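Novice: Between the sequences and the hints, there should be enough to build the whole structure, so can you do that?
Numbering-wise, the UniProt record's numbering puts 252 at position 252 of the sequence shown, and it's gapless, one number per residue.
These are computed hints drawn from the structure, not numbers from a lab. Any given hint might turn out to be false.
Unchecked claim - Taking CB as the label site, the calculated pair distances span:
no. : residue 1 : residue 2 : range
1   : I262      : Q134      : 41 to 51 Å
2   : Q279      : A204      : 42 to 52 Å
3   : P47       : N141      : 18 to 28 Å
Here the structure is a predicted model, which is why all the values come from computation and not from measurement. Positions of the beta carbon are idealized from the N, C-alpha and C atoms, including for glycine.
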Amino acid sequence: MDSDYGVPRELSEVQQNRTLYQPELPPCLQGTTVRVEYGDVAIAADPAGAHVISHAYPHTYGQPLAHFLRKAANVPDAKVISEHPAVRVGIVFCGRQSPGGHNVIWGLHEAIKAHNVNSKLIGFLGGTDGLLAQKTLEITNEVLSSYKNQGGYDMLGRTKDQIRTTEQVNGAMATCQALKLDALVIIGGVTSNTDAAQLAETFAEAKCATKVVGVPVTLNGDLKNQFVETTVGFDTICKVNSQLISNMCTDALSAEKYYYFIRMMGRKASHVALECALQSHPNMV
Numbered sequence: 001m002d003s004d005y006g007v008p009r010e011l012s013e014v015q016q017n018r019t020l021y022q023p024e025l026p027p028c029l030q031g032t033t034v035r036v037e038y039g040d041v042a043i044a045a046d047p048a049g050a051h052v053i054s055h056a057y058p059h060t061y062g063q064p065l066a067h068f069l070r071k072a073a074n075v076p077d078a079k080v081i082s083e084h085p086a087v088r089v090g091i092v093f094c095g096r097q098s099p100g101g102h103n104v105i106w107g108l109h110e111a112i113k114a115h116n117v118n119s120k121l122i123g124f125l126g127g128t129d130g131l132l133a134q135k136t137l138e139i140t141n142e143v144l145s146s147y148k149n150q151g152g153y154d155m156l157g158r159t160k161d162q163i164r165t166t167e168q169v170n171g172a173m174a175t176c177q178a179l180k181l182d183a184l185v186i187i188g189g190v191t192s193n194t195d196a197a198q199l200a201e202t203f204a205e206a207k208c209a210t211k212v213v214g215v216p217v218t219l220n221g222d223l224k225n226q227f228v229e230t231t232v233g234f235d236t237i238c239k240v241n242s243q244l245i246s247n248m249c250t251d252a253l254s255a256e257k258y259y260y261f262i263r264m265m266g267r268k269a270s271h272v273a274l275e276c277a278l279q280s281h282p283n284m285v
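Specialist: Okay, structure coming up:
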């Protein structure tokens, strides 16, 4: 195993207390019985782009939307899944660090183990480089123990942010086939989820059994639509930065001789800068 990925951390008392917090699950994800209703097909929000997207992704465009329902929901056409075979799932950090990344791994591990104790979650060490080189770490309760509710991506690490060239895509597919993965979960932002869409299309065309899942984890907050309320990490990063900006505002107001110029993260989308400005009220944005 390279570097110190997956090695239990030395936690402070505050961090230890943080690991005890149990995030609340929505009713549709509670229990081991899954109820799914398949709705209309997914189409591009912009009609002008529908032809381009459908042409670029002929094997995956237009799939029916899946709605997960709570156990007590009375929907006659819903599909009830109560038996869950053991699965092998791979997971990789592809985007830049964002709060909540470790909890995505924790939640996925809890879910697949609850459905079948023989299921395995396999993390790729070092991001896309580790995916292509088949450098893996099996995620266990012991590995997770010091990463629950903690920031950073140091459980698995990350390197490059893309799986785009033909060589990279074929390398990712070769890894999934060699490890006999039922699914590959990609954690990242807009770029990483675009790559996930391309992987899914290539896998479907090649009849590769591995399903590709993209999870919108990015502090930029620039991956939103009617199905994605916000990205994982955006709320936390805005609150933390707003507090720091407010501290500087107080200092500037107290001394009246300083000018603070604060460069914000969030790239050109600027959602972080806007949200922090709304919360901290600087003189100029």
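Novice: Each hint: holds or not?
Specialist: Here is how each hint holds up against the structure:
1. At roughly 42 Å, the beta-carbon separation of I262 and Q134 lies within the given 41 to 51 Å, and the hint holds.
2. Roughly 43 Å separates the CB atoms of Q279 and A204, a value that falls within the hinted 42 to 52 Å.
3. The beta-carbon spacing between P47 and N141, approximately 48 Å, falls outside the hinted interval of 18 to 28 Å.
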